[in-house]
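A.B. asks: Protein chains in written order, with my numbering: chain A, 31 to 481; chain B, 31 to 481.
Worth flagging that the hints you see were computed from the coordinates, not collected in a lab. There's no promise every hint is true.
Claimed, not checked - Derived pair list, reagent style EDC-like, types lysine to aspartate or glutamate, alpha-carbon separation capped at 20 Å:
1) A/Lys378 x B/Glu229
2) A/Lys308 x B/Glu215
3) B/Lys307 x B/Glu229
4) B/Lys402 x B/Asp122
5) A/Lys65 x A/Glu145
6) A/Lys307 x B/Glu383
7) A/Lys307 x B/Asp384
8) A/Lys184 x A/Glu156
9) B/Lys105 x B/Glu145
10) A/Lys368 x B/Asp87
11) A/Lys368 x B/Glu383
In this text the structure is predicted, and so the values were computed from the model without any measurement.
2 protein chains.
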Amino acid sequence: MQRKEFIRNAGLAAASVAFVPTSQLFARKADQKVKMGIIGVGQRGLNHLDLLLRRSDVELVSICDVDARTLDEAKGMIQKSGKKMPEIYTGDNYAWKRMLDKKQLDGIIIATPWEWHKDMILGSLESGIKYVGSEVMIGTSLEDHWEVVHATEKYKANVMMLENVCYRRDVMAVLNMVRQGLFGEMIHLQGGYQHDLREVKFNDGVNVYGHGVEFGEKGYSEAKWRTEHSVHRNGDLYPTHGVGPIAHYININRGNRFNSLCSFSSKARGLHNHIVKKGGESHPNAKVNFRLGDVVTTSINCVNGETVLLQHDTNLPRPYSLGFRVQGTEGLWMDVNKSLYIEGKTAKPHQWEDAKAWLDKYDHPLWQRWSKETQGAGHGGMDFFVIHALIESIKNSKATPMDVYDAATWSAITPLSEKSIDLGSQTVEFPDFTGGQWMYRKPVFSLTDAY
Amino acid sequence: MQRKEFIRNAGLAAASVAFVPTSQLFARKADQKVKMGIIGVGQRGLNHLDLLLRRSDVELVSICDVDARTLDEAKGMIQKSGKKMPEIYTGDNYAWKRMLDKKQLDGIIIATPWEWHKDMILGSLESGIKYVGSEVMIGTSLEDHWEVVHATEKYKANVMMLENVCYRRDVMAVLNMVRQGLFGEMIHLQGGYQHDLREVKFNDGVNVYGHGVEFGEKGYSEAKWRTEHSVHRNGDLYPTHGVGPIAHYININRGNRFNSLCSFSSKARGLHNHIVKKGGESHPNAKVNFRLGDVVTTSINCVNGETVLLQHDTNLPRPYSLGFRVQGTEGLWMDVNKSLYIEGKTAKPHQWEDAKAWLDKYDHPLWQRWSKETQGAGHGGMDFFVIHALIESIKNSKATPMDVYDAATWSAITPLSEKSIDLGSQTVEFPDFTGGQWMYRKPVFSLTDAY
């Protein structure tokens, strides 16, 4: 069967990366530049643009955006870099289709509002592009996710979701520790997105962050579109920062899979309160009814018996925390108190130990090798690695280290949690996007220091 | 209707405590000693015995236990205190019934294995005792909980579950802060019981803690009975330390109630691994199949829109942590990192602040008044307050500050979580033990510095 065969091959190709010496990996297309395009050069796209411009192995062929202000920023960055100005597509919401019609790209990066990702991924695949790096969320509905999976299989292409937290330095050190068995057999994992986004969801239409309580047409940047999801949807709207690293820790889609999911949502107060506090009770937005509960708690169980807890908390005043907890039969790490405990190794029984010395000791080979290149890259350097992985996969004609099954599985948590909440927090079945191949697929993420 | 009338009266009586000056509260039976008995003077019962012996307002009339060793310990403590030796009941599992037949007690404390609590509470009520202080868990099945509620109503008595964490100093300071509105409207709360109990669940039949991997007949103290619950049951076996304080923060059964519950259970590895590690693979207990998942995660939603997350984690190596999080529209407190954040008050936006100064500033009046008396009392002094509350309620002929509805609601989380897990983590309805009176009942817990 075509589909299964493709997946098997992808699995083998990817698995083999682990055993090829690094020198060979870089041999193949070393003289050819990778031809890249970007759809969406807003705040997030500008980050990716910066990373592409830094690389000598990339030729930026085309960029697309509908917003003149951010396009100007992008052009300024490109000029400053001394690189050749790419073709620029703009003018209407379908300018990206004209860009794809040129059929000249090895790979594309999509960094647009969530609701555009699916169409742009499908359009890229249909145009013949074999490597698509999409910002997080590859669709809105569950059906969207299946469409992207099926199209990726049909076109024998790679769709990698650019989930940067998988590459956070402490997260990768812990991955190293997990793989070396320091925590024993994995039992329970936690993560999430706990980030006060009130000044992201609202601004004055001029500043990117805050200074007003506008959104939608009157907002700028993310406030223009992201806030609509808080008005209309109730679920874990942003699960991938938490679930991506967890999926690697417990080999989801690679010997393990998510089995079922249940979400609970609190009442929604934070966004309304923020509007009233900053804009007054008579501001028109004070009448908006936000559907997104302030705290959404999602439990997932796995066929191998682990439990996963995800938290989404973006409407209330609070310090940023992804809330990681990685717990096995021998001990656990938590990021909120920057501590761990490992039986027989932590000095004092029943007492937390500062995690720093452990994280330093088990620093992942990727970080050891590339930390110079991460300097100045977005989000503490971790953004470097997602782009690096995408570009190196293209250069080596290999499967991306995170693939469409990972992307669909992580991103589908949003519609699944919406469905669970809509049913009164009933537990819903988790789809198997791999069609049973999770039993055969092997872990491939960051097995070497290559990418 | 008799039942409703009783509850209303209990509610009113309890509520009135708050408005009576402290001096009057202590006036009534000040010259009469409170006649108390204890069923169960094991490790937990000895704690309560110590607290009763310290008090000049209590006459210890009778104690009961089936274990000669712990009875000897109890007698030694009593002799050392210089108080009169109580009547001692022992010899068989129904010695407590003979003790109750004497009908001479104002109040009784039950500190026996969980599976005995319900029968002993019912027996105490039937014997005419009006104040029953039961250690945590007032029953095993949901039906047990209803039986205790109905009997308490029938006999117009008080059943108080001796949940000591409600009186933990930081927990009470946070209650003070919640009531003064510092965290704003409550949104999401977390707590649990995360305590490596492997050396409690297993010992050598001589030592109370560890030194062997025996349990049941060959174990001593809690290992004699508590471990059986890990063999036979899968659920949140010990929810009350977490949920008690949370229930006070959000006025459960007093203007609010739990609506539904869902539990997820991880695989069970910790107890088996411990046996093999300490006792070898050939130890007979290495063949025991433990049903209790190592980490059980329970979500609850409330009719007022808050979400509650409870965690039960007692089989793995880990530091002790009840994992409290109290989050409202203005900020949150977490105990694992001993930090809080309050909008507009915490100095640096988006940054945690050490909670200590706040907890000191909002130290609860009860702790301010009674901290001398808590010196040397069990569990950092908090045990003093549960016994103090029970005795003062008796002296003042008032309802106990935590009543049978609180007890049933918190304790019922165990059978509800078992049911949810048994149904494949389906969400189950939370019973309303108050029969609708939660809409009318008012908060009464620790409103003054009296008890």
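A.B. asks: All hints are to be evaluated individually against the structure, with a verdict given for each.
C.D. replies: Outcome of the hint check:
1. A/Lys378 x B/Glu229: Holds, at about 16 Å.
2. A/Lys308 x B/Glu215: holds (18 Å)
3. B/Lys307 x B/Glu229: At roughly 13 Å apart (the allowed maximum being 20 Å), B/Glu229 and B/Lys307 satisfy the hint.
4. B/Lys402 x B/Asp122: violated (40 Å)
5. A/Lys65 x A/Glu145: Given pair A/Lys65, A/Glu145 is violated - Cα atoms ~26 Å apart, limit 20 Å.
6. A/Lys307 x B/Glu383: violated (23 Å)
7. A/Lys307 x B/Asp384: violated (26 Å)
8. A/Lys184 x A/Glu156: holds (10 Å)
9. B/Lys105 x B/Glu145: Not satisfied, since the Cα-Cα distance of roughly 25 Å exceeds 20 Å.
10. A/Lys368 x B/Asp87: violated (48 Å)
11. A/Lys368 x B/Glu383: holds (15 Å)
Of the numbered hints stated above, those contradicted by the structure are hints 4, 5, 6, 7, 9 and 10, listed in ascending order.
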